[in-house]
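Colleague: Sequence:
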Amino acid sequence: MSQRKWILLWISLSILSISIIFIFIFQLKETNERLETIQGEQLDSYESIEDVMYYNVERANAIRGLLAYEDRHFLEMYYSMSRQAKDLKQSIIDDPDTPSSVLDLLERDAIWEKEADRVLVIYEEGDLVKATAVAETMTELRQTILEDLRSLKQMQYKDIHKELIAAENQVSFLTQVLFTITFLLLAIIVILTFLLLRIKTHHDRIE
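Following my numbering, the numbering of the sequence shown begins with 30 at its first residue and continues without gaps.
These are calculated hints, taken from the structure and not from any lab test.
C-beta: ideal position from N, C-alpha, C; glycine also.
Check the hints yourself; a few may be wrong.
Derived Cβ-Cβ restraints for the label pairs, each shown as a range [claimed, not checked]: (1) Val200 with Ser109: 39 to 47 Å; (2) Tyr83 with Leu193: 43 to 51 Å; (3) Asp126 with Ser43: 54 to 62 Å; (4) Glu99 with Asp133: 53 to 61 Å; (5) Gln113 with Leu170: 20 to 28 Å; (6) Arg137 with Gln113: 15 to 23 Å; (7) Ile217 with Pro128: 43 to 51 Å; (8) Ile40 with Asp126: 43 to 51 Å; (9) Asn61 with Ala97: 50 to 58 Å; (10) Val219 with Lys191: 38 to 46 Å.
Listed next, the in silico DSS-like pairs over lysine-lysine satisfying Cα-Cα at most 27 Å (straight line) [claimed, not checked]: (11) Lys58 with Lys143; (12) Lys115 with Lys182; (13) Lys187 with Lys118; (14) Lys143 with Lys187; (15) Lys118 with Lys182; (16) Lys191 with Lys58; (17) Lys182 with Lys143; (18) Lys143 with Lys118.
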């Protein structure tokens with residue numbers, strides 16, 4: 030093979046090597062971005078469900094405390110929690126990536142909130158017995174909503190965990206392949222460079 034052909038082969042392999050390396054780097058970058066998305070947006074959604082559960086439990090406790098002890102501190106706590114829950118739910122509803130299952134639960138939770146507000150209206154009117162009776166009828170609905178939220182949270186956790194493992198495995202695989210290909214291509218280029226130099230040296234001696 031002539032010296033010119035060796036040089037063309039060396040240049041072609043160099044270009045091929047750089048192209049392959051850049052392709053794998055791009056794929057690795059996309060996978061890392063996907064991993065960040067999973068860790069960011071989806072984990073935020075998971076945490077939002079936990080927050081909804083927290084506000085539900087605390088407001089239910091506030092109503093029970095108010096009816097049991099007639100301490101208006103519990104009333105203030107309920108309204109404070111309700112304001113925070115309202116802002117949280119609105120942010121969940123406004124998020125286009127929120128699953129329909131979560132939105133359905135929020136609609137059911139809104140029914141519980143209306144009944145909870147009715148309990149407080151009855152209490153403010155001075156009818157503690159009726160307020161307590163209405164609050165007791167809400168217990169089953171609240172418990173069902175909390176159980177569904179827990180189930181949804183577990184499902185989301187499993188889905189996120191699977192996606193994280195898949196993305197991490199892909200990153201590991203792409204990294205190993207990238208290093209292997211880079212090493213092999215560099216080895217080939219080094220060998221070709223060595224052969225090219227030997228041919229050039231031999232050619233110079235002949236001249």
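Colleague: Do Ile40 and Asp126 keep their Cβ atoms within the hinted range of 43 to 51 Å?
Modeller: 48 Å, holds
Colleague: Has the hinted range 53 to 61 Å been met by the Cβ atoms of Glu99 and Asp133?
Modeller: 36 Å, violated
Colleague: Holds or violated: Lys143 and Lys187, Cα atoms, limit 27 Å.
Modeller: Given pair Lys143, Lys187 is violated - Cα atoms ~33 Å apart, limit 27 Å.
Colleague: Given the hinted pair Lys118 and Lys182, is their Cα-Cα distance within 27 Å?
Modeller: 16 Å, holds
Colleague: Starting from the hint 20 to 28 Å, judge whether the C-beta atoms of Gln113 and Leu170 obey it.
Modeller: 21 Å, holds
Colleague: Range hint 39 to 47 Å: satisfied by the CB atoms of Val200 and Ser109?
Modeller: 43 Å Cβ-Cβ, so the 39 to 47 Å window holds.
Colleague: For the pair supplied as a hint, Lys191 and Lys58, confirm whether the alpha-carbon distance does not exceed 27 Å.
Modeller: 20 Å, holds
Colleague: Using the Cβ atoms, figure out if Asn61 sits within 50 to 58 Å of Ala97.
Modeller: 53 Å, holds
Colleague: Cβ-Cβ distance between Tyr83 and Leu193: within 43 to 51 Å?
Modeller: 24 Å, violated
Colleague: Does Lys182 sit within 27 Å of Lys115, going by the straight-line distance between their CA atoms?
Modeller: Cα-Cα ~20 Å, so holds.
Colleague: Is the gap between the beta carbons of Val219 and Lys191 within 38 to 46 Å?
Modeller: About 42 Å separates the Cβ atoms of Val219 and Lys191, which means 38 to 46 Å holds.
Colleague: Look at the Cβ atoms of Ile217 and Pro128 and judge whether their distance stays inside 43 to 51 Å.
Modeller: Taking Cβ atoms as reference, Ile217 and Pro128 lie about 50 Å apart, which means the hint holds.
Of the numbered hints given earlier, the model fails hints 2, 3, 4, 11, 14; all others are met.
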